[in-house]
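S.K.: Use the sequences and the hints to build the structure in full.
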Amino acid sequence: MHDASERPRRPDDHPSHRPLPTGCFRVQRPIRFSHSDPAGIVYFPVYFDMFNGAVEDWFTQGLNIDYASMILDRRLGLPIVHAECDFLAPSRMGDTLTLGVLIERLGRSSLQLRINGEVDGQVRLSGSLTVVTTSLDDFASMPIPDDIRSAMELYQARCES
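In this note's numbering, the protein residues as written are 1 to 161.
Hints may contain errors.
What the hints assert, rightly or not - Simulated DEER-style distance windows between Cβ atoms:
#, residue 1, residue 2, range
1, 92, 141, 34 to 42 Å
2, 45, 19, 21 to 29 Å
3, 23, 120, 16 to 24 Å
4, 96, 16, 37 to 45 Å
5, 33, 68, 41 to 49 Å
6, 135, 52, 36 to 44 Å
7, 135, 44, 28 to 36 Å
8, 153, 83, 18 to 26 Å
9, 142, 49, 21 to 29 Å
10, 136, 61, 20 to 28 Å
11, 140, 68, 17 to 25 Å
12, 44, 73, 30 to 38 Å
13, 48, 21, 20 to 28 Å
14, 149, 92, 38 to 46 Å
No wet-lab data here; the hints were simulated from the structure. In this text, a Cβ means the ideal position worked out from N, Cα and C, and glycines have one as well.
M.R.: Next comes the structure, spelled out in structure tokens:
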């Protein structure tokens, strides 16, 4: 006999497996034939490419910081230093995946982002990315610039309200 604390967890029991707050940035991606494996579902590495695209869109559209200019002109990079993902349900060609971005931790030079993918309100996958602000001239980590930090703090407040 098992007590309640030992019962198997359902995928939606974990907080990261629930839909993100309504104030978070979202972008839609149609699932195409090219995203699918022979089983007809999204091939898992494709999601990481979609995550990166969602982060670029989040900077440009959600934070009003032009991502291309940040990289090319300001020479600021955001390499991923850690990535993980829980795949909760398959997505198939013809689905429209909504990717949402949430800041889970904002550090001195790094941030941890939660990126959830949903179809019709059902969380299909939940990823976590840790990125570090770096100089693209010497590839050394650096503090998050004040304008970017301010935009992220405002964004966090919008997500929480």
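S.K.: All hints, please: hold or fail.
M.R.: Outcome of the hint check:
1. 92 / 141: 34 to 42 Å: holds, 39 Å
2. 45 / 19: 21 to 29 Å: holds, 24 Å
3. 23 / 120: 16 to 24 Å: Holds, at about 20 Å.
4. 96 / 16: 37 to 45 Å: violated, 22 Å
5. 33 / 68: 41 to 49 Å: violated, 28 Å
6. 135 / 52: 36 to 44 Å: Since the Cβ atoms of residue 135 and residue 52 sit about 20 Å apart, the hinted range of 36 to 44 Å is violated.
7. 135 / 44: 28 to 36 Å: With a Cβ separation near 32 Å, residue 135 and residue 44 satisfy 28 to 36 Å, so the hint holds.
8. 153 / 83: 18 to 26 Å: holds, 24 Å
9. 142 / 49: 21 to 29 Å: Because 26 Å falls inside the window, the suggested range holds.
10. 136 / 61: 20 to 28 Å: 22 Å Cβ-Cβ, so the 20 to 28 Å window holds.
11. 140 / 68: 17 to 25 Å: holds, 22 Å
12. 44 / 73: 30 to 38 Å: Between residue 44 and residue 73, where Cβ atoms are some 34 Å apart, the hint holds.
13. 48 / 21: 20 to 28 Å: holds, 23 Å
14. 149 / 92: 38 to 46 Å: holds, 39 Å
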